[in-house]
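Hey, can you work out the whole structure from these sequences and the hints?
Quick note: the sequence shown uses our numbering, first residue 1379, plus one each step.
Keep in mind that the hints were calculated from the coordinates and are not lab data.
Heads up, a few of these hints could be off.
[Said to hold, decoys possible] DSS-like cross-link-like pairs, simulated, lysine-lysine; straight-line CA separation at most 25 Å:
| # | residue 1 | residue 2 |
| --- | --- | --- |
| 1 | K1448 | K1427 |
| 2 | K1438 | K1425 |
| 3 | K1438 | K1427 |
| 4 | K1481 | K1448 |
| 5 | K1427 | K1467 |
| 6 | K1481 | K1467 |
| 7 | K1448 | K1467 |
[Stated by the list, open to error] Using C-beta positions, here's what the derived DEER-type ranges look like:
| # | residue 1 | residue 2 | range |
| --- | --- | --- | --- |
| 8 | E1446 | N1424 | 22 to 28 Å |
| 9 | N1468 | M1501 | 24 to 30 Å |
| 10 | V1513 | V1416 | 36 to 42 Å |
| 11 | R1508 | V1476 | 39 to 45 Å |
| 12 | F1413 | V1475 | 36 to 42 Å |
| 13 | T1482 | L1512 | 33 to 39 Å |
| 14 | D1509 | V1475 | 38 to 44 Å |
| 15 | P1496 | S1459 | 26 to 32 Å |
| 16 | T1488 | D1509 | 31 to 37 Å |
| 17 | E1507 | K1425 | 21 to 27 Å |
Keep in mind that this is a model prediction, so the values were computed, not measured.
Where a beta carbon is used, it is the ideal one built from N, C-alpha and C, also for glycine.
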Amino acid sequence: MRAIHGSTLNLRSQIETHPHTEQVARLQQECDPVFARVDKLLALLNKSKLLHILYLLNAKQRPMRFTELKQLVDSSSTTVSRRLEELEKNGLITRRVVDTYPKTVEYNMTEDARCLAPTIQSMYDWIVERDVALV
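Printed below as a string of structure tokens:
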């Protein structure tokens, strides 16, 4: 038993003094779990027409109906509908059914989305100012 315990201590000291131990610790600090969440946000924002929808809702500063968004985004009903569902599911917009005949649905940005608005505007402005085609 003592030999096993002794070899365990020996292995532990080898790990602690191994040159890669410091590198692994540094990598763990650099790979902050927040980056994974940022990647997920970027993947969401990268979906077709999603940024455009957020941009329009922010620019109008009022709730917008589905048909108005669809017309301004110039996309299919399916695409706009999917993006709106994803935005609502992720807490970036609210969906409100208006009790009219026929029923209408309005979409509006949440506070979380409004916090993202300056970043979205900055990206838009950056492209417009540079007039570059990215590859």
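Hints versus structure:
1. Proximity of K1448 to K1427 is assessed by CA-CA distance (about 10 Å); at most 25 Å being required, the pair is judged to hold.
2. Note on K1438 and K1425: the hinted pairing holds, with a Cα-Cα distance of about 21 Å set against a maximum of 25 Å.
3. Between the alpha carbons of K1438 and K1427 the distance comes to roughly 16 Å, so the proposed pair stays at or under 25 Å and holds.
4. Distance check on the hinted pair: K1481 and K1448 sit about 17 Å apart at the alpha-carbon level, within 25 Å; holds.
5. Taking the CA atoms of K1427 and K1467, the gap is about 16 Å. The hint holds against a cut of 25 Å.
6. Of the pairs offered as hints, the one joining K1481 and K1467 holds, with about 22 Å between alpha carbons and a cut-off of 25 Å not exceeded.
7. Distance hint between K1448 and K1467 is fulfilled; the C-alpha atoms sit about 19 Å from each other, no more than 25 Å.
8. E1446 and N1424 have their C-beta atoms about 24 Å apart, which keeps the hinted 22 to 28 Å range intact.
9. Distance hint check for N1468 and M1501: the Cβ-Cβ separation is about 18 Å, which falls outside the suggested range of 24 to 30 Å.
10. About 23 Å separates the C-beta atoms of V1513 and V1416, a value inconsistent with the hinted range of 36 to 42 Å.
11. Taken as a hint, the range 39 to 45 Å holds for the pair R1508 and V1476, whose Cβ atoms sit roughly 41 Å apart.
12. Take F1413 and V1475: their Cβ atoms lie about 37 Å apart, and the range 36 to 42 Å holds.
13. The hinted range of 33 to 39 Å is satisfied by T1482 and L1512, whose Cβ atoms lie roughly 38 Å apart.
14. At about 42 Å, the beta-carbon gap between D1509 and V1475 stays in the expected band of 38 to 44 Å.
15. Judged by the Cβ atoms, the range 26 to 32 Å given for P1496 and S1459 holds: they are separated by roughly 27 Å.
16. Taking the beta carbon of each, T1488 and D1509 are about 32 Å apart, inside 31 to 37 Å as hinted.
17. For E1507 paired with K1425, a C-beta distance near 25 Å keeps the hint of 21 to 27 Å intact.
Consistency note: the structure conflicts with the earlier hints numbered 9, 10.
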